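Visitor: Single-letter residue listing:
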Amino acid sequence: MVSNHSHRQVQEQGIIQYIEERLPVDGLRELAEKKKVPLHKHSIWYYLGGIAAMLLGVQFLTGILLMVYYVPEINSAHASILKLNSQINFGWFVRSLHSWGANLLILALFVHMFSAYFMKAYRKPRELTWWSGLLLMVICLAFGFTGYLLPWDEVSFFATKIGLDIAEKMPVLGHMVSYMLRGGDSITQATISRFFVIHVAILPVLLVGLLGGHLFLVQVHGISEPESFKKLPPEKKSYEKFFPTFFFKDILVWVLAINVLFGLTTLCPWGLGPEADPFAAAPIGIKPEWYFLAPFQFLKLIPPMVGPIEGELFGILLMSVVGVVFVAVPFFDNGTSKSYAKTATIFGWLILAGLIGFSIWGALS
Amino acid sequence: MSDKESSEDKPVAEPAPPVGLCGKSEPCSGSNSCGGKSSCTEHVDPDADPAAYLDDDYDEVLSRSDFMRKAFGGTVLLWGGVALAPIVAYLTPPPGEDKEAAKVTSVEVCKVSELPKGTGKNFRFGSFPAVVINDMEGQLHAFNAICTHLGCTVQFRADKQCIYCACHGGEYDASTGKNIAGPPPKPLPVLKVAIVDDKIVVSKA
Ligand code: HEM
Ligand code: FES
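So the protein lines, in turn, are chains H and F. Counting in our numbering, the first sequence runs without a single skipped number right up to 847 at its last residue. Counting in our numbering, the second sequence runs without a single skipped number right up to 618 at its last residue.
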């Protein structure tokens, strides 16, 4: 191959050169060196996407490990989790990591989403990044919803029951979709099988594809700068290099996040309620996961009928307005109007305050 | 994309009879005898607006590449539809899989002595959960226990002497099943109760 080099030199350089001759390493190196992270008082939010990505890695690893012992069968599911918790070496640890990881992941995604919203990172040219991010959020909520049924304990049964009954109330496709997800009119083995397949096969595939797109777009556009930073004269703008400066800070933050996760996992291992009984009454004081608390509390307040429409449907439609605004905000606030920009910001604060307020209220009541 | 392609396609289209071009330009008013070729090309100038040229008049002199594009699109849609239909059908379970359970018309719940005054008991009625209540006066009542709000399973609460749904705090009257508080929009469906040989037997109303 490289005939004019001595054998030893070839050995030293061999691997690097082998790769460089076959892959566009130079391009990648250039990209990593060129990429820079703006430094300002909101820079801290740039870490959240990375934390979410790291936690996703934890979910994949622990999820695959769980699949080894978990049995998606109506009479064995609960028992298989009990066995994981009590007999398998580190079984409780893997399962707790997965459950706590799911919660931290969704928390990180919420913060990530709202920080992107308030920094107005959805504006041109980053609309596709914003929308792919919204879809990733939906996928992760779907992960949470489908995973929650799998241990087949009391709360997981009723959480699924309510979730699917809400879906059923949606106009037009509601019935068909919930019937297909449930695999019939009531929650049975069919539901467990379907949720399992969605949780371990369909959603991971969607997630990997979409996350790839999301990260690619972030590379293409570079990191967004908030308006206040963009306005600064060039000599006042400071940046740090993505590689190695930001990259190593990123890793440090990951280590911190992992420590939080391990702390929660070891100090408060995830519990397991009594096995689900489809014919028993819902336990007093039942509540959904915290990330569904706000809509839960909101729905509690709505009277049975609002005018001619059923209260539930009214509530769902009202809440979908929030979703529609999040999807449409790049059109509404495209950077040309100051007052529209302000409206979008105020709307964001209202939603955030509503989410936090209703969640706390739901947790306390 | 269409800009470039249409200018490439132009030579193919030009030899086509002018009729096709005239057909849609107003002064021709549907007749073939418009004032000659020159006026027609004035109205639909392919160089000025290649897209319009392509969209409106191309259909009538469908070019080979356009035909292929449409045929390809159509085939993809057809294949997609053909593939999707069986998948949707596959995923829709046949109705009434638990037919046996749904056929149940009456259930023996327990001995009368096991349900003292002022208490209630949840039990399985074929394919759905049900609740039977012995009220303070010793009257028996039974209902389908599926909350009319979002389908949780209700229970009798001795402390409130009403039927209660833990999911969103819905309440029903224990003797009529009427929804009296919280989000439930409708009363609970009533079941018949009888005492047969000292046992509580609930049957469909
Ligand atoms: C490829 C990725 C994943 C695989 C293979 C996987 C697999 C599993 C398995 C086998 C279970 C049942 C065992 C158990 O209940 O503890 C489970 C439960 C669960 N999963 Fe995942 N999972 C994945 C990703 C995720 C993600 C991204 C989330 C984030 C929201 C998530 C949230 C949950 C939740 C909340 C449970 C219920 C935990 C419990 O109460 O035990 N999973 N998952
Ligand atoms: S499901 Fe019973 S009150 Fe909502």
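Derived by calculation from the structure, the hints in this document are not laboratory data. If you're wondering where the values come from, they're calculated on a predicted model, not measured in any experiment. Among the clues, some could well be false.
To be verified - Dumping the calculated DSS-like pairs for lysine-lysine here, alpha-carbon to alpha-carbon at most 30 Å:
hint	chain 1	residue 1	chain 2	residue 2
1	H	K782	F	K524
2	F	K524	H	K651
3	F	K534	H	K769
4	H	K769	F	K599
5	H	K651	F	K516
6	F	K483	H	K651
7	H	K769	F	K573
8	F	K530	F	K599
9	F	K534	H	K782
10	H	K782	F	K591
11	F	K599	H	K651
12	H	K769	F	K591
13	F	K524	F	K483
Claimed, not checked - Cβ-Cβ distance ranges computed for the label pairs, FRET-style:
hint	chain 1	residue 1	chain 2	residue 2	range
14	F	Q552	H	I842	28 to 36 Å
15	H	W527	F	V501	51 to 59 Å
16	H	T670	F	V501	34 to 42 Å
Said to hold, decoys possible - These stretches of chain H come out as covered by chain F in the derived footprint (C-beta under 8 Å, 3 or more residues):
hint	stretch
17	530-541
18	612-623
19	702-713
20	787-793
21	816-826
For glycine and all other residues, C-beta sits at the position ideal for the given N, C-alpha and C.
Visitor: Are the hints correct? Go through all of them and say.
Guide: Do the hints match the structure? See the list:
At most 30 Å may separate the alpha-carbon atoms for a hinted pair to count; H/K782 and F/K524 exceed this at roughly 37 Å. For the hint pairing F/K524 with H/K651, the CA-to-CA distance comes to about 39 Å; that exceeds 30 Å, so the pair is violated. Annotation: proposed proximity of F/K534 to H/K769 holds, straight-line Cα distance about 23 Å (limit 30 Å). Among the hinted pairs, H/K769 with F/K599 is consistent with the structure: their alpha-carbon atoms are about 23 Å apart, no more than 30 Å.
Distance restraint check for H/K651 and F/K516: the Cα-Cα separation of roughly 27 Å lies within the 30 Å cut-off, and the hinted pair is therefore satisfied. Between the alpha carbons of F/K483 and H/K651 the distance comes to roughly 39 Å, so the proposed pair goes past 30 Å and is violated. A hinted pair counts as satisfied when its Cα atoms are at most 30 Å apart, and H/K769 with F/K573 qualifies at roughly 21 Å. Annotation: proposed proximity of F/K530 to F/K599 holds, straight-line Cα distance about 26 Å (limit 30 Å).
Under the criterion of a C-alpha separation no larger than 30 Å, the hint pairing F/K534 with H/K782 is consistent with the structure, at around 26 Å. Of the pairs offered as hints, the one joining H/K782 and F/K591 holds, with about 19 Å between alpha carbons and a cut-off of 30 Å not exceeded. Restraint check for F/K599 and H/K651: the C-alpha separation of about 15 Å stays at or below 30 Å, so the hint holds. The suggested pairing of H/K769 with F/K591 holds, with an alpha-carbon distance near 25 Å, which does not exceed 30 Å.
Between F/K524 and F/K483 the alpha-carbon distance is near 74 Å, which puts this suggested pair outside the 30 Å criterion. Between F/Q552 and H/I842 the beta carbon distance is about 43 Å. The supplied range of 28 to 36 Å is therefore violated. Evaluation of the 51 to 59 Å hint for H/W527 and F/V501 yields a failure: the beta carbon distance comes to about 42 Å. In this structure, H/T670 and F/V501 break the distance hint of 34 to 42 Å, their C-beta atoms being roughly 20 Å apart.
For the stretch 530-541 of chain H, the proposed coverage by chain F is not satisfied: 0 residues have a C-beta within less than 8 Å of a C-beta in that chain, short of the threshold of three. For the stretch 612-623 of chain H, the assignment as covered by chain F is violated, since 0 residues bring a beta-carbon within under 8 Å of that chain's beta-carbons and 3 are needed. With 0 residues having a beta carbon nearer than 8 Å to a beta carbon of chain F, the stretch 702-713 of chain H misses the requirement of three or more and the stated coverage is violated. Counting residues of the stretch 787-793 of chain H whose CB falls under 8 Å from any CB of chain F gives 3; the rule of at least 3 is met.
Taking a C-beta to C-beta cut-off of 8 Å, the stretch 816-826 of chain H contributes 0 residues in contact with chain F, too few for the three needed, and the coverage statement is violated.
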